[in-house]
Amino acid sequence: MLSDEEVRKIARLARVSVTEDEVRHYAGELSSILDYMAKLESVNVAEVEAMTHVHGSSNVFREDKVVPSFSVEQALANVPDRSGQFIRVPLVQEELGE
Amino acid sequence: MSTPIELSLTELRKSLDGRKFSAVELAKSYLSEIDKQKDLNCFITLEPDKVLAEAEASDKEIAAGRSKSLTGIPIAVKDIISTKGTRTTAASRILENYIPPYDATVVTKLRAAGAVVLGKTNMDEFAMGSSNENSHFGKVKNPWDKERVPGGSSGGSAASVAARIAPASLGTDTGGSIRQPASLCSLVGIKPTYGRVSRYGVVAFASSLDQVGPFARNVRDAAIMTGVISGHDPLDSTSMQLPVPNFEAAISSDLKGVKVGVPKEYFIGGLDKEVETSVRAALSQLTELGAELVEISLPHTEAALSVYYIIAPAEASSNLARYDGVRYGFRTPKPKDLIDLYTSTRGEGFGPEVKRRIMIGAYVLSAGYFDAYYLKAQKVRALIARDFREAFENHCDVIACPASPSTAFKLGEKVSDPLSMYLSDVFTIPVNLAGLPGMSLPCGFDSKKLPIGLQLIGKPFNEEMMFRVAGAYEASTEWHKQRPSN
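Those sequence lines, one after another, are chains V and R.
Here our numbering is used: the first residue of the first sequence is 22, the next is one more, and so on.
Here our numbering is used: the first residue of the second sequence is 23, the next is one more, and so on.
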């Protein structure tokens, strides 16, 4: 069973704020979901390679050629707080913790 | 004489080209029907002016003799698919005012075929759900019984076609989100082979599992739609460079020589009795049409749900990291500092199911747990794919089984039990894990008149066999001719 502290740590990793009520709630839900995954313990995966692409493709490249993209206006059209061609955000603090 | 909204895509093409009615009249009929049935809550965004303008342009093309397969035909598009200049929300508060500066490739292809974009359909937030009860814009009702779910996550796309307020629609399928709602709404729903259809412009949930596909009222319409959206796209590095076959031409009435695999692991525990009866009757019907049934085993079926609920949330936690309130979307109003900007934007912008999955994803990818969960899941995934490969190599040409373990459940019935909700996808998930094509088509109704779907699963890039079997089955039955009573 996940502890409240573990849930808070996961939420910090995921950069998602959670209320204390939510912490308790998620601890229960996540625990039962994670318990269900214990089904995998009995599966023998000796000699099996992890599947990273269903059809085995890798490294699909294109020519390094400049092609048309968005204008600055198009790219910034959805910015919540804009200042000219800049995006305004709160000050980045000196110490950001983990 | 059917009204325009009852016509199939083929009949609409004939009627429009034969000037029985105009594209503008057709668009107006659909917009009027949408309004009459707005209690279903199928649409998040409707822009009637744009619809009529596109229809007018279509009429000019038709008059000039330049119609393409979908010219003048309105198609509903799941709100996870980017439409240039039209709000695209993925049913989330975090994107509630996001207006994409570009069309997804599948939308570009729809437009190139002359289609009119009818509107953006409701869905579970970020495609996470099996009932369309996780939307920031409210739940969608099943037109067959308005106290029940249409299925999810493409609930709006399914309900709109079933309710006859759209002739066809696009959805996406990551763990069953097209096939399960198709089954619950009596429609044909296609999930093409992974890599058959471009994901460019589709808001990403799980990049190794997501695929776009159509909902339609019959197999031929589904084949037409699948053909329109398929094809290699240089903008999607996971799309495969393979020619697109003529899916319509694959439809046949004869299944002589076709071996249909019946996986024994799909007919145990948790499968509703009436669903089993209908599906088994459908399998019998296939033998009447000339096919041979072969019992097969997919031994790692039971592990599939666990594998999916490790891999999909892990990929989602990575894909949804971009929603940070900085460049687009919702931003928390009074952030204390930059970290608070991120955490509060995401805490307030995402719904509970999305947060749940992001946290599972963060957990299984975190140091100390990566090997036990994510790496193990990727290995079991390879085994699941191998089960299918061996079945296809040695025993059968196509696989047939149920699409959903039950018919449509009641709204609210599973919301407080996420695990029970996840079990709705037990038959569809393995197909996404193996990257195979899958479809659901109508095969009956239960004693409450709720639809039941038959699932077909094909070899990679062999959608043609699925269309062949589905077409033959449909032609010998009447399920697809039934419609919900208004």
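These aren't lab readings, by the way, just hints derived from the structure by calculation.
Here the structure is a predicted model, which is why all the values come from computation and not from measurement.
Keep in mind that the hints are not guaranteed to be accurate.
Cβ-Cβ distance ranges computed for the label pairs, FRET-style [said to hold, decoys possible]:
1. E169(R) x S52(V): 29 to 39 Å
2. S52(V) x E47(R): 31 to 41 Å
3. S104(V) x P123(R): 16 to 26 Å
4. E84(V) x P123(R): 19 to 29 Å
C-beta: ideal position from N, C-alpha, C; glycine also.
Hint check results:
1. Between E169(R) and S52(V), the C-beta spacing of about 32 Å keeps the proposed range 29 to 39 Å intact.
2. Evaluation of the 31 to 41 Å hint for S52(V) and E47(R) yields a failure: the beta carbon distance comes to about 57 Å.
3. About 20 Å separates the C-beta atoms of S104(V) and P123(R), a value consistent with the hinted range of 16 to 26 Å.
4. Distance hint check for E84(V) and P123(R): the Cβ-Cβ separation is about 24 Å, which falls inside the suggested range of 19 to 29 Å.
Checked against the numbered hints listed earlier, the structure breaks hint 2 alone; every other hint is satisfied.
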